[in-house]
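Taken in order, these protein sequences are the chains called A and B.
Counting along the first sequence from 1, when you hit position 277 you're at 364 in the working numbering, and nothing is skipped either side.
Counting along the second sequence from 1, when you hit position 75 you're at 77 in the working numbering, and nothing is skipped either side.
It is possible that some hints are incorrect.
[Stated by the list, open to error] Pulled a few chain B residues facing chain A out of the computed Cβ check, cut under 8 Å: (1) Tyr105; (2) Val110; (3) Phe119; (4) Lys143; (5) His145; (6) Pro156; (7) Phe159; (8) Gln249; (9) Ile253; (10) Met254; (11) Ile261; (12) Gln280.
In case anyone wonders, no lab produced these hints; they're calculated from the structure.
Every residue gets a Cβ at the ideal spot worked out from N, C-alpha and C, and that includes glycine.
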Amino acid sequence: MKTTRRQRNVVIAAGFLLPNLLGFLVFTAGPVAFSLVMSLSNWNIQHTVPFQWTFLRNFVDLWHDQSFWLYFVNTIYLMLGLPLAIAGSLVLALLLSQNLRGITIYRTLFYLPSITSGIALMILWKALYNPDFGPINAVINWTLQTFHINGILHALFGTSVTPPQWLLATRNLLGLDVEKVGFLPAQWGLGARDAIIIMGIWIAVGGNNMLLYLAALTNLPQELVEAAQLDGAGKWAVFKNVTWPYLAPTTFFIVVMSFIGGLQGGFEQARVMTGGGPAGTTMTMSYYIYTKAFEEFQVGYASAVSWVLFIIIFIVTLINWRLSNKEVNY
Amino acid sequence: MGTTNTRRGFRTWWVRTGRFGMSHVILALIALTTLTPFLWMVLASFKALTEVEQLNPFPSVWHPENYIKVFQQIPFARYYFNSVFIAGWVTILTCITSAMAAYAFSRVDWSGRDGFFKLYLATLMIPGVVTMIPNYTLMVKLHLMDSYLGLIVPASFSAFGTFLLRQFMMTIPPALDEAASIDGANSWRIFWDIILPMSRPGVVTLAIFTFLGNYGSFTWPLIMIKSQHLRTLPIGMLFFDTIYGRQTNLIMAASVMNIIPLVILFVISQKFLVKGIQLGAVKG
């Protein structure tokens, strides 16, 4: 049989793909398979327990692992900031897309936290949040004193307020309990997780998502807007019926990427700012994997946790993908 | 103003400026919120330690020597060098491996290409935490723990980079390779002399992304680095903060020095970066 040009080209393509695919096999595909195999064992990297195949034992243990569920809830709680950040990015993009003067300057300023995000910014926020010496509580205390807020509150309600302990507090806005998955009214308030969320919003609002919205908005056909305005639609109606549906694919992309990132996130913040504390309230799934593997050396168990995370991400992506094929079609 | 001399014109003008003025007020407020932590950081880095916790924004006496003290207390220059050296090598290698793969996925017509590309793209979904532990054990086996090679090589292959450059290469007209191929140029020549130079904006974008990502890389170096002389900026900063965490003014000076190269790089390369982010989100 005579080979076609397309078949002969496979050899050429293989040559060009070789370096990348080799790296991919060694550092991604191989490790994924190896990780699955390890998750079926009790492998301890320091050999404190003899190696054994335990099959699904790790996954059964995981199901009954109180810490895992607490850290799972922490991860989800930290993701509650994502919708706020995305909405913020959209508002900023809408403001910037009005052909105002100085857009480039605003855009550069807003992007600053994203471009510099990393350990340095987390160390900065740790200093800002310091309950005794940090400027945030200094400003809160100054406000409380200057306006005699506690005197007024005491006279009216018989209560008083103190500034939050931020990264040192287990309190949170949902009133989640510390020791078990559930709610405890005494835990209501502002604490470490909220501090991390606020920082996250500050970093992300003017970042990549804003740029994506901005790009989509520049492509928005003006005829659509004008047609709607001719029909007597007000600003909100134009946004609701024209702009928002037009932005749907962008929103969809941003939501999916944020979701996937959020599920894997929280490690750097916790490692730098809180060490996972107080009382494990800033431990996330990725931090749990790190702790199990590199501090407790239970590589088998850590691999099992990482596979559970992988499966969750896979399912989420699959659902999103099916939804997107159904809904985002014009 | 010519357009505002009638009553109606004035109203339109007023409504327009009023609305735009409101937008400017909101935007300026948000810009202020964005900038305040940075300003605090810079000002705190020039203060005496006793003054850092006070509310006066400006230092009563400026202490630029805080910056020198950082270099005296930790090998900060070494951290700088390590970060730039590692990120630089990762950037070069990533650009080469990605450009070659992107060429195969965009300019060479071979059977099974598009199906294979989809499969390849699907691997972007694999979370880093899954591959982290096996890669660590691999590095231990290869005796690459605590070495430059162990920090550089595993980071030098990027499916995202291949995707980004493929998007760029797809926009180059196919007539170019055909003409060259008639002139007797082989695939490597076409790639090296025609396609690669024409994809320069894409390569520059990828280079910036890769450099930025690896300059700030945290988890992998945290696992890999054991000895002091290999510490990168993020790892060195973490160490500095843990050991000397109470010297807020010096920590802030180190943070300022950490982010200055990023700000400069951003200002220079903003156009590429913004375009790249927007292109990277376009589905293949």
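Evaluation of the provided hints:
no.	hint	result
1	Tyr105	holds, 5 Å
2	Val110	holds, 5 Å
3	Phe119	violated, 10 Å
4	Lys143	violated, 11 Å
5	His145	violated, 16 Å
6	Pro156	holds, 5 Å
7	Phe159	holds, 3 Å
8	Gln249	violated, 11 Å
9	Ile253	holds, 6 Å
10	Met254	holds, 7 Å
11	Ile261	holds, 4 Å
12	Gln280	holds, 4 Å
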